[in-house]
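Asks: Okay, here's what each chain looks like letter by letter:
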Amino acid sequence: MKISGTAWVFGDNIDTDVIIPARYLNTSDPEELAKHCMEDIDSEFVKKISKGDIIVGGYNFGSGSSREHAPVAIKACGISCVIARSFARIFYRNAFNVGLPIFESEDAPVHIDTGDMIEIDMESGRIKNITKNEEYEVVPIPEFMRDLIEAGGLFEYAKKILGVG
Amino acid sequence: MGMTISQKILAIKSHRDRVRPGEIVLADVDLAFANDITAPMVIDFVNSLGGKVFDKRKVALIPDHFTPNKDINSANQCKVMREFARKWKLPNYWETGEAGIEHAMLPEEGFIKPGMLVVGADSHTCTHGALGAFATGMGSSDVGFAFATGKSWFKVPHSMRFIYYGRRNKWVGGKDLILHTIGKIGVSGALYKSMEFSGEAITSLPMDDRLTMCNMAVEAGAKNGIIPPDDVTDEYLRTHGVKEWEPIYGDDDAEYSDVIRIDVGNIEPQVAFPHLPENVRGVSEIKKDIRIDQAFIGSCTNGRLSDLEQAAEVLKGNRVAKYVRLIIIPATVGVYREAMKRGLFDVFLDAGAVISTPTCGPCLGGYMGVLGDEEVCISTSNRNFVGRMGSPKSQVYLANPAVVAASAVAGKIVSPEEVVK
Chain D
1 MKISGTAWVF GDNIDTDVII PARYLNTSDP EELAKHCMED IDSEFVKKIS KGDIIVGGYN
61 FGSGSSREHA PVAIKACGIS CVIARSFARI FYRNAFNVGL PIFESEDAPV HIDTGDMIEI
121 DMESGRIKNI TKNEEYEVVP IPEFMRDLIE AGGLFEYAKK ILGVG
Chain L
1001 MGMTISQKIL AIKSHRDRVR PGEIVLADVD LAFANDITAP MVIDFVNSLG GKVFDKRKVA
1061 LIPDHFTPNK DINSANQCKV MREFARKWKL PNYWETGEAG IEHAMLPEEG FIKPGMLVVG
1121 ADSHTCTHGA LGAFATGMGS SDVGFAFATG KSWFKVPHSM RFIYYGRRNK WVGGKDLILH
1181 TIGKIGVSGA LYKSMEFSGE AITSLPMDDR LTMCNMAVEA GAKNGIIPPD DVTDEYLRTH
1241 GVKEWEPIYG DDDAEYSDVI RIDVGNIEPQ VAFPHLPENV RGVSEIKKDI RIDQAFIGSC
1301 TNGRLSDLEQ AAEVLKGNRV AKYVRLIIIP ATVGVYREAM KRGLFDVFLD AGAVISTPTC
1361 GPCLGGYMGV LGDEEVCIST SNRNFVGRMG SPKSQVYLAN PAVVAASAVA GKIVSPEEVV
1421 K
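Sequence order for the protein chains is D and L. Everything in the first sequence is counted per my numbering, starting at 1 for the first residue and increasing by one. Everything in the second sequence is counted per my numbering, starting at 1001 for the first residue and increasing by one.
Bear in mind the hints are in silico, worked out from the structure with no lab data behind them. Not one of these hints is a red herring.
Label-pair ranges, simulated between beta-carbon atoms:
1) L:Arg1291 x D:Pro30: 36 to 46 Å
2) L:Asn1266 x D:Gly52: 46 to 56 Å
3) D:Gly52 x L:Asp1231: 53 to 63 Å
Every value quoted in this text rests on a predicted model; they were computed, and no experiment measured them. Positions of the beta carbon are idealized from the N, C-alpha and C atoms, including for glycine.
Required output: the full structure, derived from the provided sequences and hints.
Replies: In structure tokens, the structure reads:
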């Protein structure tokens, strides 16, 4: 499966307050949350992006709160995936749990600029920069996470443990 | 090679003789909880599996973030939580006015014991490591999973050992120790790791200060913060209604990824500058006046009785500066009542401060003290990211209750020494 879209590049420590400000946490509705994604760092972000676009961050992407609303907002506003040099631990889990693909890459965020056309092959795990004609390595997804995804996600895993339908 | 306290708890709870950093384990959870903004998603997850929780005594639902209800949406979120608790007759549900902020209330009510495995749908769940539990924050789906199955999966973390030695200076407490530490290692300095706090300066640290330290472990990127149980822990448990407990300790030959020694005698009251908790300086290093508009004393970090007592010591006989508002929020109903009994509210009211019922409110820019454009706040809470407490054009500084109280009086960030009568 391939993901492709335009890159929107941010720096290090993109925290959950910037991804979805707490004042909007009075709802869990993805459509509502989507409207405010990245608002405090770029108030026009959701208007600028197209469906399938990609967020690129530096170190410690998603730091701060445990709010699952963060990857939900990113996914709901049309972003196809996040590439970062490293992810904060709770965001990492939450992204997998809500089905937002994330890719850890030391190099990619250094070389990608906002506006670059990016293509990711989910199977081979390679990131292609179509605009710059470059390729970057991705840290392989840990086996447990792959098993979790293959099993259908956290919810399906819960059903398996409970022995329900 | 032995295991650290964090690794041991994970081993015991996953029924293994030993675990190694990097391994994934499925462990039994002793307590899982959520608050009003994270509970709706937890409940969705559980309802999709039939709605039954694995053990009613081991789950808790606590309204604290946007309560008393901030607006209609918040009221509806609280309704979801309340109706679920009612439907399943969950004993561990509190109404606003009964309890308080989750991470202050749970230890106070005797829910946390050494050796427990605790997961909460809030990043500051790491607070409870102060009592020797393995406590970590997760998202709503993960906590929903725990509510339904009684288990959670963990990647076993490496442990970093912080050894604090020497004697604390006046006005220096847990908040300053943890801010100093985060300033030293950075906001991802402990990423995915367990922060273990020990040393003579920890064993002599009161429990409120230990809770403050562990509360901010997540601000260094840690999975959990933990303090091995000792006499102070035992005394706290005894005086908070806990009848029996089985502490777990690390092995003497446990291996740590890092061992960092910190001389607390070198630490003065610390201030974290905008917009990261690692942007830390000593209060005496502030040469230029930093004028403030709001001061906030409260939150799961520093809303406990000793925090309010420290604030009162500084505020006694003083008035909040003109054009500055000081908002004081006891973290639990218990703290509120005791503070009132001890006459602290008279000191606060005489100073011109606002006193509120327990709520997280201002910490996350919810309500009860939101910041406007270009406003500056000094706060005892735990985060100062852009827009954290209101306008993205506002600024937040973090400090201990004495520094925040003193700054409220001076109208700018100062040491308590400059203000205390």
